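J.: Based on the sequences and whatever the hints tell you, model everything.
Protein chains: 2
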Amino acid sequence: MKFKIKKSIFTKKLIDTERAISSKTTIPVLTGIKISAEDTTLTLTGSNADISIETLTNNVEIIEEGTIVLPARFFIEIIKKLPEEDILISINENLQASIESGSTKFSINGLDPNTYPTLPIVDTKNGFVINGKKLKDIIDTTVIATSKQESRPILTGIHFIINNQKLIAVSTDSHRLSQVEETGENLVDKLYDVVIPGRAMLELSRMIDEKEDINVSISENQVLFIFKETKFYSRLLEGMYPDTTHLIPEESTTHLLIDGPTLLSSIDRASLLSHAGRNNVVKLSISDINSNVVLSSNSPDVGLVEESLNFDSIVGEDIEISFNPDYLRDALRVLGQGKINLGFTTPLRPFTLKNEDNGKQIVELITPIRTY
Amino acid sequence: MKFKIKKSIFTKKLIDTERAISSKTTIPVLTGIKISAEDTTLTLTGSNADISIETLTNNVEIIEEGTIVLPARFFIEIIKKLPEEDILISINENLQASIESGSTKFSINGLDPNTYPTLPIVDTKNGFVINGKKLKDIIDTTVIATSKQESRPILTGIHFIINNQKLIAVSTDSHRLSQVEETGENLVDKLYDVVIPGRAMLELSRMIDEKEDINVSISENQVLFIFKETKFYSRLLEGMYPDTTHLIPEESTTHLLIDGPTLLSSIDRASLLSHAGRNNVVKLSISDINSNVVLSSNSPDVGLVEESLNFDSIVGEDIEISFNPDYLRDALRVLGQGKINLGFTTPLRPFTLKNEDNGKQIVELITPIRTY
Numbered sequence: 001m002k003f004k005i006k007k008s009i010f011t012k013k014l015i016d017t018e019r020a021i022s023s024k025t026t027i028p029v030l031t032g033i034k035i036s037a038e039d040t041t042l043t044l045t046g047s048n049a050d051i052s053i054e055t056l057t058n059n060v061e062i063i064e065e066g067t068i069v070l071p072a073r074f075f076i077e078i079i080k081k082l083p084e085e086d087i088l089i090s091i092n093e094n095l096q097a098s099i100e101s102g103s104t105k106f107s108i109n110g111l112d113p114n115t116y117p118t119l120p121i122v123d124t125k126n127g128f129v130i131n132g133k134k135l136k137d138i139i140d141t142t143v144i145a146t147s148k149q150e151s152r153p154i155l156t157g158i159h160f161i162i163n164n165q166k167l168i169a170v171s172t173d174s175h176r177l178s179q180v181e182e183t184g185e186n187l188v189d190k191l192y193d194v195v196i197p198g199r200a201m202l203e204l205s206r207m208i209d210e211k212e213d214i215n216v217s218i219s220e221n222q223v224l225f226i227f228k229e230t231k232f233y234s235r236l237l238e239g240m241y242p243d244t245t246h247l248i249p250e251e252s253t254t255h256l257l258i259d260g261p262t263l264l265s266s267i268d269r270a271s272l273l274s275h276a277g278r279n280n281v282v283k284l285s286i287s288d289i290n291s292n293v294v295l296s297s298n299s300p301d302v303g304l305v306e307e308s309l310n311f312d313s314i315v316g317e318d319i320e321i322s323f324n325p326d327y328l329r330d331a332l333r334v335l336g337q338g339k340i341n342l343g344f345t346t347p348l349r350p351f352t353l354k355n356e357d358n359g360k361q362i363v364e365l366i367t368p369i370r371t372y
Numbered sequence: 001m002k003f004k005i006k007k008s009i010f011t012k013k014l015i016d017t018e019r020a021i022s023s024k025t026t027i028p029v030l031t032g033i034k035i036s037a038e039d040t041t042l043t044l045t046g047s048n049a050d051i052s053i054e055t056l057t058n059n060v061e062i063i064e065e066g067t068i069v070l071p072a073r074f075f076i077e078i079i080k081k082l083p084e085e086d087i088l089i090s091i092n093e094n095l096q097a098s099i100e101s102g103s104t105k106f107s108i109n110g111l112d113p114n115t116y117p118t119l120p121i122v123d124t125k126n127g128f129v130i131n132g133k134k135l136k137d138i139i140d141t142t143v144i145a146t147s148k149q150e151s152r153p154i155l156t157g158i159h160f161i162i163n164n165q166k167l168i169a170v171s172t173d174s175h176r177l178s179q180v181e182e183t184g185e186n187l188v189d190k191l192y193d194v195v196i197p198g199r200a201m202l203e204l205s206r207m208i209d210e211k212e213d214i215n216v217s218i219s220e221n222q223v224l225f226i227f228k229e230t231k232f233y234s235r236l237l238e239g240m241y242p243d244t245t246h247l248i249p250e251e252s253t254t255h256l257l258i259d260g261p262t263l264l265s266s267i268d269r270a271s272l273l274s275h276a277g278r279n280n281v282v283k284l285s286i287s288d289i290n291s292n293v294v295l296s297s298n299s300p301d302v303g304l305v306e307e308s309l310n311f312d313s314i315v316g317e318d319i320e321i322s323f324n325p326d327y328l329r330d331a332l333r334v335l336g337q338g339k340i341n342l343g344f345t346t347p348l349r350p351f352t353l354k355n356e357d358n359g360k361q362i363v364e365l366i367t368p369i370r371t372y
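From first to last, the protein sequence lines stand for chains P and U.
According to the working numbering, the first sequence is numbered sequentially starting from 1.
According to the working numbering, the second sequence is numbered sequentially starting from 1.
In case anyone wonders, no lab produced these hints; they're calculated from the structure.
The model shown is predicted, which means the values in this text are computed figures rather than measured ones.
Check each hint, because a few of them may be wrong.
A pair counts as met if it fits within one copy or between any two copies, since identical chains are not told apart.
[Said to hold, decoys possible] In silico EDC-like links for lysine to aspartate or glutamate, alpha-carbon gap of 20 Å or less: (1) LYS12 - GLU182; (2) LYS228 - GLU251; (3) LYS24 - GLU65; (4) LYS81 - ASP326; (5) LYS81 - ASP193; (6) LYS80 - ASP326; (7) LYS136 - GLU61; (8) LYS81 - ASP259; (9) LYS105 - GLU306; (10) LYS80 - GLU306; (11) LYS211 - GLU77; (12) LYS134 - ASP193; (13) LYS339 - GLU203; (14) LYS105 - ASP301; (15) LYS81 - ASP268; (16) LYS148 - GLU203; (17) LYS7 - GLU306; (18) LYS4 - GLU85; (19) LYS190 - ASP140; (20) LYS190 - GLU212; (21) LYS81 - ASP330.
T.: Right, here's the structure in full:
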């Protein structure tokens, strides 16, 4: 194998592929990046147990075809630090890669490409297309509530249900829930019901260019996202996702309309105190009669904080409710800049946050903490 | 105690004082920041075993005098996140501090200020003045070669000798040495010979405004730097600093003149390979006869790198010398943008780097590694 390539182009492709590569894998060859030169195309592949990324470029001059696996992190560091834009890479029969640029010449040991696992096969005939920004928003909204614990693996994923021109994405770690619903989409009519690992979706979200369309194909145990010169594979999580539809309360007895950023900066302050204390709990007290909203936290060993908030309206019964401020902070970040509708029933039943904005519908659900 | 202060002014003063405060201290009261309101002045004090910082401001409205110690990191986080620029702080008889800003009110537990250690007493009558930028450069140049190990505590310091209108600062961890010499300074004629902990000097360097003059006073076991509204105390290290004057070779048999940044980027590349291998060694081969300079590194388990360098001149005998590239990188960073003079004698004797620039004289010394 022998090819000439520009440093800037190669670096970008390598960084994209590196997202799938973990240095903590138990399969040594997966710490490497697979490089194939064939015809006029250079293909880079990275993979771990969950995701695989394949990216290609034709901005390359292939002098001799071939394939090699090189230690990913080390190789990429070398490429980044080469002195000139022009790079010549060649492989000898001992699986050694020579990397030349300017008067610099590296020679590094490679691995046998025949030991590299083959990528999953996903039929792309029945795929559908989704806008990059839309997919990124869906991922960023739902990934916050995926479980970080492996005790119930299915909860580490995002549950996607696509049916009848409607897409619902939902996640829950059993303490909170985050859901997006998009309707009127140019989606396929076919029913899809899949659970994709949250970590894989987070990596995908970081790679997506908001302006481009993404082609999505789903097979029995894999999902494939294709955009530009990149293929992003993720395995699907096996098993039934719990039914979340009945978790979201249909009615509320207290409604608070408030500016999202105002509530967020107040939560940031209150959580300074709750984090310093033992329990990480803050209390929201809403009084329709006195027309006030007070956020407070009290940790006798550290101190207390109390703050009355500006709001737009309160309708309904007075309530005092305690919860983990980190959950509310995550939810408010997802809901963004506008006005937020909070709905409460009782101090021990989950409460909801919904965005006033039209278009897509976001529902955030938080389970309160019993403090007495 | 009760005072009103602006958030922006208070935050800056708190951050300056926090530099002296460690959360890892064994003396609980030292995790706190001492705040004293007296007459028209607010004084903040932070301290650990090595350094103490006292900073004051008159941009404050003191309503009631008093003193308190508050948990430093927590208190500073709170101040930073307060909603309004106007802050009112008051202490009650139970050592609780109330912090009010806008509609936010924190109440946090303080510590008894009577348990806070008193600052050292340093006579400032015989102090001298040094320019901020000059002091910062001296510190930044020498701190790189201070030892990070506590096995020989004296080597963790920077050795300052001030005598006869000349200042010499030198440090060595016994593998390398870094020295600055400034002459013709408006310094006192009195002899000073002190060793100041490198870590204290690094904190000082980060606080110094290059444009201002610094007043330096030295007592038997403390040094005090005064600038603007800040006093910075450091203890001196006890014991004799080793004699370093004979370490710097007076003659060299090979002289290389080369552009500093060129050599630095080459070292950055070569150390990618040496860091991946077991020994972290690179080799510099200088040939006056063939008129070439080659930097290389070889780790059989990883690979090898070789690079011929552009240089200005070689004078003297051919030499091959091996060393830790991290030492050369640190030295080159200190020497900056200009041309560098390297001087070698034999492959096992230390080599020197000197800056072509006039004004101050910098000498960097690196001990080679035996590779055969």
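J.: For every hint, state whether the structure bears it out.
T.: Evaluated hints:
Taking the shortest Cα distances, LYS12 and GLU182 never come within 20 Å of each other, neither inside one copy (33 Å) nor across copies (47 Å). In the homo-oligomer, the alpha carbons of LYS228 and GLU251 never lie at most 20 Å apart, since the shortest distance is 45 Å inside one protomer and 62 Å across protomers. Neither within a single protomer nor between protomers do LYS24 and GLU65 lie at most 20 Å apart by alpha-carbon distance, with minima of 31 Å and 58 Å respectively. Only between protomers do LYS81 and ASP326 lie at most 20 Å apart by alpha-carbon distance; the minimum there is 16 Å, versus 40 Å within a single protomer.
When the C-alpha separation of LYS81 and ASP193 is checked against a cutoff of 20 Å, the pair qualifies neither within a copy, at 45 Å, nor between copies, at 43 Å. In this homomeric assembly, LYS80 and ASP326 come within 20 Å of each other (Cα to Cα) only across copies, at 19 Å, whereas the closest approach inside a single copy is 38 Å. When the C-alpha separation of LYS136 and GLU61 is checked against a cutoff of 20 Å, the pair qualifies neither within a copy, at 34 Å, nor between copies, at 50 Å. Only between protomers do LYS81 and ASP259 lie at most 20 Å apart by alpha-carbon distance; the minimum there is 18 Å, versus 47 Å within a single protomer.
Taking the closest pair of Cα atoms, LYS105 and GLU306 come within 20 Å of each other only across two copies (5 Å); inside a single copy the shortest separation is 64 Å, beyond that limit. Taking the shortest Cα distances, LYS80 and GLU306 sit within 20 Å of each other only across copies (17 Å), while inside one copy they are farther apart (51 Å). For the homomeric pair LYS211 and GLU77, neither the shortest alpha-carbon distance inside one copy (29 Å) nor that between copies (39 Å) is at most 20 Å. Within a single copy, LYS134 and ASP193 get their C-alpha atoms as close as 19 Å, which meets the 20 Å cut-off; across copies the closest is 67 Å, which misses it.
Taking the closest pair of Cα atoms, LYS339 and GLU203 never come within 20 Å of each other, the shortest separation being 30 Å inside a single copy and 45 Å across copies. In the homo-oligomer, the alpha carbons of LYS105 and ASP301 lie at most 20 Å apart only across protomers (17 Å), although the nearest pairing inside one protomer, at 62 Å, exceeds that limit. Proximity of LYS81 and ASP268 under a CA criterion of 20 Å is satisfied inter-copy only: 8 Å between copies versus 40 Å inside one chain copy. Taking identical chains as interchangeable, the C-alpha atoms of LYS148 and GLU203 lie at most 20 Å apart only when both belong to the same chain, with a minimum of 15 Å there against 38 Å between chains.
Taking the closest pair of Cα atoms, LYS7 and GLU306 come within 20 Å of each other only across two copies (19 Å); inside a single copy the shortest separation is 56 Å, beyond that limit. Taking the shortest Cα distances, LYS4 and GLU85 sit within 20 Å of each other inside one copy (10 Å), while across copies they are farther apart (58 Å). For the homomeric pair LYS190 and ASP140, neither the shortest alpha-carbon distance inside one copy (25 Å) nor that between copies (66 Å) is at most 20 Å. When the C-alpha separation of LYS190 and GLU212 is checked against a cutoff of 20 Å, the pair qualifies neither within a copy, at 23 Å, nor between copies, at 72 Å.
In this assembly of identical chains, the alpha carbons of LYS81 and ASP330 lie at most 20 Å apart only when taken from different copies (18 Å versus 38 Å within one copy).
Hints 1, 2, 3, 5, 7, 11, 13, 19, 20 from the list above are not met by this structure, while the remaining hints are.
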